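Protein sequence lines, in the order shown, are assigned to chains A and B.
For the first sequence, counting from 1, position 19 maps to 19 in the working numbering; every step adds exactly one.
For the second sequence, counting from 1, position 164 maps to 164 in the working numbering; every step adds exactly one.
Note that these hints are calculated values from the structure, not bench results.
Be careful, since some hints might not be right.
Unchecked claim - Okay, the calculated bits of chain B under chain A, using three or more residues with CB under 8 Å as the criterion:
hint : stretch
1    : 39-49
2    : 70-84
3    : 94-102
Since this is a predicted model, take the numbers as computed values, not measurements.
Note that the Cβ used here is the ideal one computed from N, Cα and C, for glycine as well.
As a plain string of letters, each chain reads:
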Amino acid sequence: MNENSEEARVLVIPCSGIGKVHGLISRECTYKITDELSPDTADTLCLALLVSGDEDALAKVKARPCITIDGCPKLCAQKNVALAGGTVARSVLVVEGFKNRRNAQPGTAATLADEGWEIVGELAGDIACAIPGLCEHERE
Amino acid sequence: MSDEVKVGIISCSGEEIPEGTVSRLATRRVLDSLRPGRTVTLCLPLFLAGDEAEREFARRHPTITVDGCDKLCAKKGTEQYSGPVAASLVVSDLLGGRELCCARSTRASTESDEEAVWIVSEHIAAAVDVALDAEAESPSSGESSCDAGCSCSAPAKGIRLDVGGRTVNVTGLPLIFEHLAKSGLPADESSADKLLETVRIHHEIESAEEDAYKAALLSAYKSFRGCS
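Isolated chain A (complex conformation) (with noise of 0.2 Å):
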């Protein structure tokens, strides 16, 4: 990969909130798409590295189109990767996985059922589609 696609990759950053499925279903859609679906295009982040103040994750989310994957109201992700300085790109609540699931069974916080890997995969699948475009626009 040369430098200038690496530049272009885009930043695809999950609360990984630990308390609800919903912090786990944001990390899975994350490395769906950074190890499955855009591989060439996204990467990831450690948050926790990024709200401490480090000096590399903050020149990153600065140089960068970030997308962000949030389990809960608080928008961790979101708001933090603005706070730094970021560009968020695209805003996800996994909740808008659940629209078309009443009584969805996703799993518990720290392993996903069927339902769960169901809803990665939409999620992550919509979220993928949107990177060419914002990959494109960045070079331009």
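Use these hints to put chain B onto chain A, whose structure you have.
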């Protein structure tokens, strides 16, 4: 509400490395299976961003940090805002190379991941026991009550503003003010635009109300900084 002392566990959950996944899952195993009822978890990004309720919990209760790597985001952040931790565990130190066989995603979890989580969670549980024993021997033991938990389920604190005669609660405003104060934003008229721009990230503001919000935010920020 229980008077029983609980131990806070703060996991780094670092997304970039498998050790972050191990730290997260090991913490959950302690909460759910090994020491249920005696432990709570605190959300690290929210803690570091300035959630006063979580920081107060960490000040008053023994807290154990579980970091994936030697950057020690959890330990350093906790000690910066809430004082010394009862114990600091680092996954890569505890696993002695086993982490090289671990995966970031639980989808790719194997026996190596399960073993790593088991090892780290046993270390956390042992540290919890030590912290509880120390707390039991402390003269102040039993004075503190606990109503803390993961912040995901608790509402963020807000500040009520008078916006053109209308009372508006802006959730998370204390955190925003604290962040801006740390970044050196002065509590005077020159900061009105910056206040509006930052709060707008978190709270919807109609164009027609910008001036009223500027005045209200500036007034609240001055009070927050002790300038009025």
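Hints, verified against the model:
1. 39-49: With 7 residues in contact (Cβ-Cβ under 8 Å with chain A), the coverage given for the stretch 39-49 of chain B holds.
2. 70-84: holds (count 5)
3. 94-102: Three-residue rule not met by the stretch 94-102 of chain B, so violated; n is 0.
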